[in-house]
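2 protein chains.
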Amino acid sequence: MNAPRIAPPPEKLSLNTATVKAQWRLDEIIEGCARHGIRGISPWRDQVAAIGLARAAQLIRAHGLTVTGYCRGGMFPAADAAGRQAARDDNRRAVDEALEIGAPCLVLVVGGLPPGSKDIAGARRQVRDGIAALLDYAQPLGMPLAIEPLHPMYAADRACVNTLAQANDLCDELGDDGLGIALDLYHVWWDPELFGQIKRAGRKRLLAFHICDWLVPTADLLLDRGMMGDGVIDIAGVRQAVETEGYAGFHEVEIFSAGNWWKRPPDEVLATCKQRHAACC
Amino acid sequence: MNAPRIAPPPEKLSLNTATVKAQWRLDEIIEGCARHGIRGISPWRDQVAAIGLARAAQLIRAHGLTVTGYCRGGMFPAADAAGRQAARDDNRRAVDEALEIGAPCLVLVVGGLPPGSKDIAGARRQVRDGIAALLDYAQPLGMPLAIEPLHPMYAADRACVNTLAQANDLCDELGDDGLGIALDLYHVWWDPELFGQIKRAGRKRLLAFHICDWLVPTADLLLDRGMMGDGVIDIAGVRQAVETEGYAGFHEVEIFSAGNWWKRPPDEVLATCKQRHAACC
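Chain order of the listed sequences is V and A.
The first sequence begins at 414 in my numbering and counts up one residue at a time.
The second sequence begins at 414 in my numbering and counts up one residue at a time.
Keep in mind that the hints were calculated from the coordinates and are not lab data.
One or more hints might be untrue.
Unchecked claim - With a straight-line cut-off of 27 Å between C-alpha atoms, the simulated DSS-like cross-links for lysine-lysine are:
id	chain 1	residue 1	chain 2	residue 2
1	A	Lys687	A	Lys425
2	V	Lys531	A	Lys531
3	V	Lys531	V	Lys687
4	V	Lys612	A	Lys531
5	A	Lys676	A	Lys687
6	A	Lys687	V	Lys531
7	V	Lys425	A	Lys531
8	V	Lys612	V	Lys434
9	A	Lys531	V	Lys687
10	V	Lys434	V	Lys676
11	A	Lys612	V	Lys531
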């Protein structure tokens, strides 16, 4: 079905800073990316806060890196109005920070069930309302919001948007002017509708493309993601599909790996990301 | 949306024998069910083999238990023709055993990717072909096959049928004369299409209904299922939906729990199943 794989241009590689967060502060990560010729970076808010937003933005510019996303907003559902208000305020701050750091989008991990709730349909309504309200704030400021569908194993506690179809439905309902999708292979590789929903999303909605691999066996629900090539995902096949739709952005490596990659020397991790990006993506 | 919960009749409770497999042999489980007034049982092949098929069937009859399913057939995809032939032969034996033990259906866990493969679409084609071939064997013998969609976190290594929509598609394609679905809440509770696909399945296809709960946090991908009421699944809401379609069968408790329920006295586990079935399902 797929054409033969052509290795991706190395300048398309981006590093999500969670990938070496156990080893390096953000300033060290920025310097590491520059040293290894990794041209894109996608920082997390806590890592930015640890060195200061202004300094993070300045260092990224000084090293000539392109920000490929800002992680993250979301976590909309809450048990009460005060919780929803707190989420609203925090999400507006995340938009402001994303603007200052020069991100092309704010990634949204939308949140799961409020504590004690079994009402996933209700949580999904809260997510829809929360995104709609944040869009009113972010769209005039020119900061696109990227809904990230998360694997169904996170439906209860991290994100109740679990398929690309749901993200597309939200874009249909709320309008895709300033709203799109962050497609992370780890979360969607299993979906029988994946290729059809990539086509439905199209170039306009595909705001970010995250890569890693699904290990067999997977030892931990959260912190056992694999390096590209070590698992079962047909990364090249999905990359081809998103690029067929016109996606021309970065390929952002995001690996949470408490037992393996977070224990290795970070220069080795970055070198491996580069090598596997060329060989397996 | 839902009507107020009415406690289910206790005689609808069935025990999947995996729930106490760490503590008891099958003969002890059968006696335990009878002692606790649990009227249904769904045995696993390895537990049956351990005491002998004829003896298992005789004991189940002697204690007046109703078999609610036989676990399990499937595991269709293989790397080569010899592997597929072995799966075919083993699945035919499973059908024969299901007949001898008096099961109303053989539950199919369809299998994931063959070793080394990244071709999930290909695995899904092998599953379709494997079910079609087994249906040719089982249908004339009067043994219904129940496709069990498994949670997407098992797509690589256990089952590449991961949604109720896929199972319904297979029934559409292969015909639902002797083919249906085993609906296990643990696998499908997160699915935004759940209620629509239950309606689509309808009474004819709903051959089994498995219950347990999704824990937050979940410590292990396979062996940390929760007792009904301890997690986030709206069990009563889904039961109401399947019964609205006309499902009148058992509610089968299936809990893999290495860290908790497999460590408790099995009489306590069975008593808890009964209590939670009445209180939370």
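Verification of the hints:
A C-alpha spacing of about 10 Å is found between lysine 687(A) and lysine 425(A), which places the hinted pair at or below 27 Å, so the restraint holds. For a cut-off of 27 Å, the pair hint linking lysine 531(V) to lysine 531(A) is broken: about 35 Å separates their Cα positions. In summary, the hint linking lysine 531(V) to lysine 687(V) is not supported, as the alpha carbons are separated by about 43 Å, beyond the 27 Å threshold. A C-alpha spacing of about 21 Å is found between lysine 612(V) and lysine 531(A), which places the hinted pair at or below 27 Å, so the restraint holds.
Of the supplied pair hints, the one linking lysine 676(A) and lysine 687(A) holds, its CA atoms being roughly 18 Å apart against a limit of 27 Å. For the hint linking lysine 687(A) to lysine 531(V), the alpha-carbon distance of about 21 Å falls within 27 Å, and the restraint holds. The hinted pair formed by lysine 425(V) and lysine 531(A) meets the criterion: a straight-line CA distance of about 23 Å does not exceed 27 Å. For a cut-off of 27 Å, the pair hint linking lysine 612(V) to lysine 434(V) is broken: about 34 Å separates their Cα positions.
Among the hinted pairs, lysine 531(A) with lysine 687(V) is consistent with the structure: their alpha-carbon atoms are about 21 Å apart, no more than 27 Å. Among the hinted pairs, lysine 434(V) with lysine 676(V) is consistent with the structure: their alpha-carbon atoms are about 10 Å apart, no more than 27 Å. A hinted pair counts as satisfied when its Cα atoms are at most 27 Å apart, and lysine 612(A) with lysine 531(V) qualifies at roughly 21 Å.
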